[in-house]
Amino acid sequence: MQVNEYKPKIVAFCCNWCSYAGADLAGSNRLAYPAEVKVIRVPCSCRVNPMFILRAFQRGADGVILCGCHPGDCHYTSGNYYTRRRMALLFSMLEYLGIEKERTRVEWVSAAEGAKFAATMNDFVATVKSLGENKRLEDLRCKR
Amino acid sequence: MENKKDVCNEIIRRSGVNPRKCMKCGKCSGTCPAYDEMEYHPHQFVYMVETGDIEPLLKSKSIYRCLSCFACIDRCPRGVEPAKIVEAVRLSVIREQGNNHLKADDLPAMLDEDLPQQAIVSAFRKYSK
Amino acid sequence: MQRIGVFVCWCGSNIAGTVDVQAVSDALGKEPGVVFSTNYQYMCSQAGQDMIKQAIKEHNLTGIVICSCSPRMHEATFRKTAAAAGINPYMVEIANIREQCSWIHKDMKEGTEKAIVLGRTAIAKVHLNTPLVPGESPVTKRALVIGGGIAGIQTALDIADAGFYVDIVEKKPTIGGKMAQLDKTFPTLDCAACILTPKMVDVAQHERIRIFSYSEVEHVSGFVGNFDVTIKKKARYVKEDVCTGCGLCTEKCPQKKVPNEFNLGMDNRRAIYIPFAQAVPKVATIDADYCTMLKTGKCGVCSKVCTAKAIDYTQKDEFIEEKYGAIVAATGFNPISMDKFDEFAYSQSKDVITSLEFERLMNAAGPTAGKLVRPSDGVHPHKIVFVQCVGSRCAACAEKGKEYCSKICCMYTAKHAMLTRDKYPDTDVTVFYIDVRTPGKQFDEFYRRAVEEYGVHYIKGMVGKVSPEGNKLIVQGSDLIANKQLKIEADLVVLAAAIEPDKSARPLATMLTASMDTNDFFTEAHPKLRPVESPTAGIFLSGACQGPKDIPETVSQAGAAAAKVIGLLSKDKLTGNPCVAHSDEMMCNGCSTCEKVCPYGAITYQDKEFRGPNRTTLIRRVAQVNEAVCQGCGCCTVACPSGAMDLKGFASKQIMAEVDAICK
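Protein chains in written order, with the numbering used here: chain X, 1 to 144; chain S, 1 to 129; chain G, 1 to 664.
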């Protein structure tokens with residue numbers, strides 16, 4: 001039997017000031033990246049609670065990427081420094097739990113880097129695809 | 001002899017100095033009391049090790065002219081520590097030759113009333129590696 | 001339960017080209033809570049907006065989802081539409097199906113599927129939206145400028161000229177700052193006093209500017225538009241409003257041995273003094289550390305000679321409380337101490353001086369009346385060596401020097417060298433430099449003139465040692481280009497000392513909750529786009545307290561800071577961003593974590609009474625967010641260990657609902 005092509009579920013958190021604008025720029029320039037990527041807008045990358053990422057994996061996401069302003073360029077001066085530290089901790093914990101570290105990523109994308117946004121997403125989706133489905137943290141009770 | 005780059009890297013490793021920190025101000029050479037005795041000067045040591053131009057240094061007598069007074073280390077605004085590089089170059093020459101230029105037992109005979117204490121210590125540090 | 005309306009926009013063919021809009025609106029119409037779903041060619045057009053308004057009224061909608069272009073484009077438009085139809089503008093959510101869907105996908109099926117997911121995500125969020133009302137706060141139409149140097153003076157003048165009241169707080173007895181001490185200014189060689197003192201007079205005569213000289217800021221509370229400031233007016237033992245500034249007391253005072261800080265201790269003044277002839281306010285001040293009358297009660301000469309009867313030995317520190325809408329920090333800089341640089345023999349020889357001391361030596365109003373002589377013996381020097389980067393760009397140890405470039409030294413050294421050669425052609429001038437950095441209008445030309453026309457010797461290298469020998473100074477340095485070590489017999493050595501922020505800046509920043517960098521310079525809200533604002537709302541930065549600056553830059557930054565202040569003060573009310581943090585008092589455990597991560601100082605702690613069990617009251621320490629100061633980054637929400645802190649408009653529940661919708 002022919003199985004449908006595996007389509008990963010990817011959640012991308014983008015900060016409103018840099019990365020979301022970068023994603024918009026990628027769109028304006030018609031730079032394609034896979035439709036599996038769905039963006040959630042947050043005011044700052046530091047708004048992303050590690051809980052959100054755990055929730056995504058629990059609900060069956062196959063990869064989570066977090067995009068923010070470049071360090072030093074945060075709209076709120078220091079938010080992305082907190083993000084960087086929090087995510088370093090979270091990702092190492094996730095890896096310990098068996099979530100491959102390639103499924104999680106923090107990337108700095110400025111409002112001018114539409115091309116970087118598209119390239120990052122292409123690369124990330126390809127990486128996650130090669131890893132296959134996330135079964136480690138997925139809570140099957142959440143699946144109907 | 002091994003590759004020039006390897007020698008340089010070994011010297012950098014041994015000295016624990018990062019020559020890239022140098023901003024080429026020349027304060028080390030401005031402060032060096034043995035400047036006139038040296039063919040290559042402290043700032044040149046740092047630069048030549050950084051660029052990999054190591055052979056002239058290995059052949060030069062300058063490595064024995066450094067007094068190890070560490071004035072350059074004290075005054076370098078960037079914390080480069082040129083004297084440690086000179087020391088490391090000297091060490092690689094001495095180790096290559098397998099020589100130990102000074103034995104502790106020979107010391108008393110060489111002592112001079114007027115010789116300052118620090119000079120003895122420096123000399124011992126320098127020649128007995 | 002919300003009654004949600006979904007509006008899918010075609011955006012001509014921009015969206016409809018790769019997304020089946022009919023399928024999207026049909027699919028979203030079946031979502032729980034959605035009572036109305038439609039699609040239209042251009043939602044942002046007048047007809048589209050009318051359609052939304054009509055649907056809101058007809059179907060009693062409580063929440064709106066618009067599937068269209070980026071919220072960065074039309075969120076404000078649709079919020080206004082919603083408000084016009086009578087629902088809270090923050091009940092609108094946008095699903096970005098253009099920039100992040102139709103424009104990046106070629107395949108209709110793929111695009112439609114994604115658009116549905118994005119729409120569903122927005123619906124999931126709207127379900128949890130709550131009406132938000134932005135807070136309003138009044139603005140006190142008065143500005144405070146802290147520091148009366150050229151930065152503070154220019155800022156105050158610009159604000160006052162725009163029609164607002166300004167107070168200047170200056171800790172010294174006179175305004176004027178460092179610029180008043182300078183001789184000439186580069187690159188035009190105007191005399192500093194000639195261009196500064198008219199401005200000082202303008203400040204003194206301006207009807208909307210008050211000067212608190214010899215005063216310090218004691219306490220600051222409040223927030224943007226509503227600061228409460230306590231100013232300490234130090235006792236100067238002279239009645240400011242009575243003193244005529246005749247200066248008779250400063251001539252008659254018998255205590256003659258007080259080092260004159262205005263001339264950097266190179267001469268002496270009396271215990272009662274006016275710092276310099278053009279001081280503003282021109283009022284005498286008694287130095288309590290040296291005044292015999294204040295120390296022993298036996299003297300009173302100044303009181304006897306004062307015809308205006310202005311002397312008051314019983315004066316006490318006075319505290320003034322005032323309200324301000326905006327505060328400008330203009331605390332300026334100081335040259336660093338040369339104590340740690342023993343190799344230059346600064347402490348051993350009087351003839352090794354700093355550039356600011358050289359500035360006083362060259363100044364016609366200085367200790368030598370402008371005659372360039374050696375401080376030790378008063379003999380004219382024939383050989384002067386200038387050393388640049390003393391303490392600047394010094395990364396080796398923080399207690400010795402500064403890691404940054406002080407920016408102004410290259411230019412003022414060139415100026416000193418040029419002025420010396422101009423006035424005394426018999427004097428040989430040598431400058432040791434690491435790099436000559438002269439970016440700026442007419443700056444490099446100026447430096448080249450010093451070399452080419454005035455014959456100043458520039459040597460690429462650094463001085464390692466200065467040793468006094470007899471009445472000479474032996475300067476030992478390297479010439480890197482000639483690959484030589486030089487030993488120069490000099491009569492005078494001038495050190496271009498690094499500059500550092502004034503020591504008063506750190507405690508001030510704490511009072512203002514304004515952030516600082518590791519060097520104690522104030523940080524700006526954005527290094528490129530908001531260079532004169534502090535991240536703390538209502539605090540502005542002017543001059544060298546933000547980073548090393550020369551006079552032209554300081555003046556332009558001062559003007560920019562004034563423009564920002566005027567922009568703030570011209571508003572009657574400040575409307576905040578309603579998407580701010582909010583703490584649930586019942587859940588808050590008073591740990592202070594949020595307070596520490598907040599970049600704006602928007603969170604404070606208060607002891608509040610709560611009802612405890614059995615009719616008791618408990619006092620608990622809980623976080624309070626000042627909505628006027630909070631910018632809504634949400635950092636505190638993640639830091640909060642008890643989950644009490646949440647961000648309105650981007651609540652944790654809302655974001656998790658979005659995550660769930662995407663992962664479905």
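Please keep in mind that the hints were generated in silico from the structure rather than gathered at the bench. Just so you know, not all the hints are guaranteed correct.
[Claimed, not checked] Cross-link-like lysine-lysine pairs, in silico, DSS-like; alpha carbons within 27 Å at most:
(1) Lys-24(S) - Lys-402(G)
(2) Lys-402(G) - Lys-126(S)
(3) Lys-135(X) - Lys-7(X)
(4) Lys-84(S) - Lys-340(G)
(5) Lys-573(G) - Lys-340(G)
(6) Lys-84(S) - Lys-484(G)
(7) Lys-7(X) - Lys-664(G)
(8) Lys-171(G) - Lys-80(G)
[Said to hold, decoys possible] Derived, one-sided and incomplete: chain G residues facing chain S with beta-carbon distance under 7 Å:
(9) Gln-2
(10) Ala-345
(11) Ala-395
(12) Glu-399
(13) Ile-434
(14) Val-436
(15) Met-462
(16) Gly-464
(17) Ala-482
[Unchecked claim] Here are some chain G residues pointing at chain S (derived, C-beta under 10 Å):
(18) His-74
(19) Arg-393
(20) Cys-394
(21) Ser-478
The structure presented is a predicted model; accordingly, all values stated were derived computationally and were not measured. Every residue gets a Cβ at the ideal spot worked out from N, C-alpha and C, and that includes glycine.
Cross-check of the supplied hints:
1. Lys-24(S) - Lys-402(G): holds, 17 Å
2. Lys-402(G) - Lys-126(S): violated, 34 Å
3. Lys-135(X) - Lys-7(X): holds, 14 Å
4. Lys-84(S) - Lys-340(G): holds, 23 Å
5. Lys-573(G) - Lys-340(G): Not satisfied, since the Cα-Cα distance of roughly 52 Å exceeds 27 Å.
6. Lys-84(S) - Lys-484(G): holds, 22 Å
7. Lys-7(X) - Lys-664(G): With Cα atoms ~13 Å apart, Lys-7(X) and Lys-664(G) stay inside 27 Å; holds.
8. Lys-171(G) - Lys-80(G): violated, 49 Å
9. Gln-2: With a minimum Cβ separation of about 61 Å from chain S (threshold 7 Å), the hint on Gln-2(G) is violated.
10. Ala-345: violated, 13 Å
11. Ala-395: holds, 5 Å
12. Glu-399: Nearest chain S Cβ about 13 Å off; hint violated.
13. Ile-434: Check passed: Cβ of Ile-434(G) comes within 4 Å of chain S, closer than 7 Å.
14. Val-436: This interface hint is violated because 12 Å lies over the 7 Å limit.
15. Met-462: holds, 4 Å
16. Gly-464: holds, 3 Å
17. Ala-482: violated, 11 Å
18. His-74: violated, 50 Å
19. Arg-393: holds, 6 Å
20. Cys-394: Because about 4 Å separates Cys-394(G) from the closest Cβ in chain S, which is inside the 10 Å limit, the hint holds.
21. Ser-478: Cβ of Ser-478(G) sits 4 Å from chain S, so the hint holds.
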